[in-house]
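Work out the full structure: start from the sequences and follow the hints.
Protein chains in written order, with the working numbering: chain B, 106 to 185; chain U, 106 to 185; chain W, 330 to 1064; chain E, 37 to 273.
The set of hints was computed from the structure by calculation and includes no laboratory data.
No farther apart than 20 Å at their CA atoms in a straight line, the calculated lysine to any residue pairs in the SDA-like style are these:
no., chain 1, residue 1, chain 2, residue 2
1, B, Lys127, E, Pro103
2, W, Lys526, W, Leu650
3, W, Lys658, E, His70
4, E, Lys189, U, His115
5, B, Lys111, W, Glu624
6, U, Lys127, B, Glu144
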Amino acid sequence: MEVTLKKEVHDPQGSAVENSLKSLGYEAVQRVRVGKYLEVELEAPDQNEAARLVEDMSRRLLSNPVIEDYSYTLEEVRRQ
Amino acid sequence: MEVTLKKEVHDPQGSAVENSLKSLGYEAVQRVRVGKYLEVELEAPDQNEAARLVEDMSRRLLSNPVIEDYSYTLEEVRRQ
Amino acid sequence: MPDQEEIRRKLGLSDSEYELIKEHLRREPNVTELNMYSVMWSEHCSYKHSRSSLELFPTSGPRVVQGPGENAGVVDIGDGFAAVFKIESHNHPSAIEPYQGAATGVGGILRDIFTMGARPVAFLNSLRFGELNSAACRYLFDGVVAGIGGYGNCVGVPTVAGEIYFEPCYERNPLVNAMCVGVMPLERLVLGKAGGKGNLVVLAGSKTGRDGIGGVTFASEELSSDSEKDRPAVQVGDPFLGKLLIEATLEAVENGLVTGVQDLGGAGLTCALTETASRAGSGIEVELDRVPLREAEMPAAEILVSESQERMLFIVEPEKLEPLQEVFKHWELDLAVLGRVTEGREVVVRQGGEIVAAVPAESIAGGAPCYYPQSREPAYYKELAAFEPLTLPPPKDYNRVLLELLGSFDLASKEWVWRRYDHMVRTSTVQGPGGDAAVIRVRETGRALAMSVDGNGRYCYLDPYRGGMLAVCEATRNLSCCGAEPVGITDCLNFGNPEKPEVFWQFEEAVKGMAAACEALNVPVVGGNVSFYNEVDKEAIYPTPVVGAVGLLECPEQQGKVAFKDEGDLVLLLGGNELSLGGSQLLKSACGKVAGRPAAVDLELEKRVQDLSRRLVREKLVESAHDLSEGGLAVALAECCLQGNLGAVVDLPVSDRREDLVLFGEGPSRIVVSVKPEKLAETAALAKAGGVDLFELGTAGGGILKINSSSKPLISLTLDEMKQAFEGVFKWIME
Amino acid sequence: MKWGVVVFPASNCDLDAYHLLRDVLGEKVEYIRHDAATLAGCDLLILPGGFTYGDYLRPGAIAARSPVMGAVVDFAAGGGPVLGICNGFQVLTEAGLLPGALYRNSHLQFRCLETYVRIESSSIPFTGAAETGKVLKMPVAHGDGNYYLPEEKRLELEENGQIIFRYCDFEGNIVREANPNGSVDSIAGVCNRAGNVLGMMPHPERAGEKILGSEDGLVIFNSLLEFYGNREVRGGA
Ligand SMILES: Nc1ncnc2c1ncn2[C@@H]1O[C@H](COP(=O)(O)OP(=O)(O)O)[C@@H](O)[C@H]1O
Ligand SMILES: [Mg+2]
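Laid out in C-alpha cells, this is it:
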C-alpha cells in the first residue's frame, strides 16, 4: 500500500531528493515524489473481505484524506 | 520504488501502526512493515537505461544498504 | 461565467462590502479584484469585528520601538538591542491536519520575526484540546505536539515554554497558538514597506501552488462537520526551506541589501503587495508571469491568494539586486523579480501583458469596513456566577485531592510534551520548560529575556472581565517570579463567532479586563492576533485570550527558580488574600463543575507583589520563587518540593476560612518564596515597605510535604507519592 | 591550530559549536561551507548537529553527498581528526566514514533531555584526557539516534575498541531506562578503526558552561587540544 501527498500539495521531501539527485548528476530526473509504503499482512477469508478491511483502515488510520491519497494492491500469501 | 528496512532490523513504525490497528479492532492484522515509497520521473531512451539509472541512484543515495532493501518497477509514461 | 453575485456570495462579501469596493474603485471590480478584496477583508486580515475593541490596549511606552501594525512588536532591551515577538493562532488547520496545521503555524510565526530582521531565539505555544479519554483528542494532541516539534526542531530554534489545558469545549476545535521571540540590534530593524519609486519587488522561497487557496476566508468561517472537505486549505510545511530563508534573509538585512521585507502568510501575495505599498504610501506594479509556479496554468486570482508556505517578499534597490542574488544562491534559493515600486498608490497586476487587477493599496489593506457588533450578556452568566462553591461540602481526604489535582491532565507535568521539543539548541536556554517562565540569555548584551504564555479559558467563561485581567497578571507575575521586568506582551484572542452578541460580549469584556491590567501594570501590548469563529456546529469554545509576556533580566545568573533549595530554608507566602473556588481546578477535578466566579483582582496589589518579587529575586534574598495559579497553595507547594526534590512542613495562616478554600482556592497576586533564616528580617522589611503581606508558612526539608492547620495535619505526602501522580499521566494515556 | 565547523544547509548547531570554541575555549575557528572544495587549512573538523536538508530522505543522507564531503573524506583518510555530533554523526555514517546506521528512535519520538554516557575507551584522541569508565552528563536532542549494525560487525567494533560511549545512569550502569533511543547495546558514540573519526549522538557543545547545566562536554575538546595541540588545556573542566 502506498500513501502519497496529493498532487496539489507541496512535497518538500520530494523536492529535496530531486535536487540532490540532480546535483549528483542525474540530469534525466524530472520529478520526485516521496510517500509512505506499508506492507500489511492480514488474514481474510477472501479478496473482497481483505479489500474492505484495507480500505477501511486506510481511511481511518493510515492516511489523512485532507492531504494524502492512497492506493494498494492485494497479494495472496497463503491459504489457511 | 519501495525502500524498506531489512527483515532483521526492528521496524518501530511498523510495530506502532500494527498496534494501533489492532487496538482499533482490526484483529485480522498479522504484521505491518513501514517503508518509503518514491516516484521518480526520468527521461531515458529505453527500459534498460532507465533500470541502470534507477539501480545506480538507489545504491548511491536513495537507500542505505546497512539497514535497507529496495525494489522498484518501471513504468513508461510517454515516449519522446 | 458565473454571475458576479454568486461569486461575491461564495467569497463571503456582503452587499454593503461590495458597494464599498465599488466606491473605492469607482467602478465594478473584476473577479480577480473581488478575490483580492475578499481575502483582505476577511476577518483574519482586516480585524473588522475586533478593531474597535483593540484600541483599548495601551500600546506605547518608553521601550516600545514598534507597536501593533507591523509583522511583530519591537521592544528596546538596552545596549542597542531589541526583542521582537508575536503570537498567532493556527486553530482551524490544526483541527483537520494536526501535524501540518501546527507545523505551518510555527513556520508562520517564525517568518513574522525574521521578517523584521531579528534572529529567532525561542518558541512558545499555548494549546487547548478536548479531554484525552477520546481517541480523536489524543490524535489531535499527539499530532499537534509532533508538528510543533517537527518544525521548531528542524529550524534550530528552541521551544522553551507553553501551556496546555483540556476541556470538552475544545474537543473539535482545538487551539494552537504559537509564539516566537527574536533578538536584533536596533539599527537592523526593517519594516514591511515598499518605499522608493523604482525599487524592485522580489519574491523568494517556495514556488507558488494551489495549496492553501482561500486559507483566510476558510479560516474566518465557522467549522462545520463537513469542513473536512475544504481540503487544499491545509498546507505542508517545509522547515528545511524555512531555515534557509531565515539565514538568507538575515544575511541580506545585515548587509543592507533590502529596504523592505514582508513575509507571505494569510492572503498570500495580495496581502504582501497591498500592505507594503499601503504602509509606504506608494504603488506597486507586478507581472504575475514571473511568479515561479508549482503547477502550470494558475489563474491570476489563484496566484494572488495562494498561501503556499515559506515565501518572502523583498523591496530592493536595483543596484543591490546582484549582491542579493549572491546571498540567496549561497543558500540554494531562487529569487524572482516581479516588478517595481511606483509613484501612485495603486497595486497594478499584469498577466500575459494585460492588466488583471488595479486596486488602490490602502483601500484593500486598510479600507475594510469596521464593525461595531452587538453585545449582550449571555444567559448562562448570572446563573453560573451566582453559584457559591462553598455551599458544597468540603472534601474529606485532602491527600487524595492533592494527588488528584497533581495528576490531572491540566496540572500534571508536561514533560512528556516538552521533551519532544529541542529546548536547548542555540545554547542560550538558561531556564527551560518547567519553571514559571523560560529564560534565554542574550549573549550580545550579557542580559537575558524571560518569557511566559498564559490564559485560563474557564475563568474567562465565568467572568471574561476578570479572566482577561487574570491572564495578564499571571503572565507578568511568572516573569516577576524569575526576577524579570515585563517589557511587553503579545496576545492571541480565541473566541467564537463575533456576530453573535453573546460572543462579542465575552470578547469586549475580556479585552477591557486585559487592557485595565496592562495599564495598571504598565505593560504595553505590542502585537497580537485575533481568532474568531472557533465554533463547531454552533457550539463556541470558552472565550480564551492567551497572553504571551516578555521580560528583561539584567543578568542571567540572577534568575529565580521554582525549586526549594536547602534544608531549613523558610517558606513564605507573599501577597493577596482574595481567593475563590469559582472556576477552580478543585471544582473541576473533584466535582466536575465549571461554575462560580474567579477571584477579583486588586491591580495595585498585583503591581506591588510583582515589584517586590523582582526585587527579592534580583537581590538574591530568596532561594526560590513560584507564583500560585491553578490548584492554589497546595499545588504550588507540591511543585516547589518536586522540583527541588525536598519536602516541607508548613502551617496554614490562621483564619476563619474553610480549609479547602485556603489549600486549593485560586487567586491573583500570590507568590511562594523560600529564604535562608538569616534573610527573613530583611525580606520582611522589604515586604512591609512594599505594602505586601507576608506569612511565614514553615520550613523546607525532609522527604515529605506536610501541611497543617493550627497543628492539625491536613496533608502529608511523600515526594515519591506526589511524583508518581505528577509525572507519567501522559505516557500512560498516550502510549 | 584551527578548527573548522562544516555548515550544511540547515545545520543548526554550527553556531553552538562555534560559540563554544571561540568564546568559551578561546580557539581559532572558522565555518566551512557545504560546497567548499577545500578545508581552508583547518586542523580539526566538526560536523555539527541539525537537520541537514531537512533530514528528508534519511538523516544526513543528502549532506553526506554534498561537495565538501570529498575534502572531508580525504582529510580523514590522512588521519585528520573529525568529530560528528548528532546530525554530524549521521552524516559520517551515511558517508561511510563510520560503521553502522542511525534510524528512527524505537519509541518514534524526538527526545531532548539530559543523558549520561560512560567513556568506554579513552585511548583515542577524543577522550584521552579522561579515564575509561568516566561518566559524562550531556544532553541529547534527536529523533533518529537509534544506532544499528549487524551483530558480527558489532562484535568486531567491540574487539577493536571502537565503541567510545554508551548511555548509562548517573552512576555509570548500563541500564535500559538510560538508553534514550533504542540503540543496539546502548551505543552512543563510535569511532573508525584508526581512531581519528568520532561520531556521537549526545551534544558536548551544549555541555560546556556551568549555566547550561554541565561542563562535562569540555572533556572531548580538551582531549583533542591536548593530543593535537600538545599544550596546556584551557577552559573550565
Ligand atoms: N506546550 C508546552 N510547551 C512547552 N512547555 C510547556 C508546555 N506546556 C507547559 N509547559 C511548561 O510547563 C510548565 C508549567 O506550565 P503551567 O502549568 O502552564 O505553568 P504555571 O504554573 O505558570 O501555570 C511551564 O514551565 C511551561 O512552560
Ligand atoms: Mg504561572
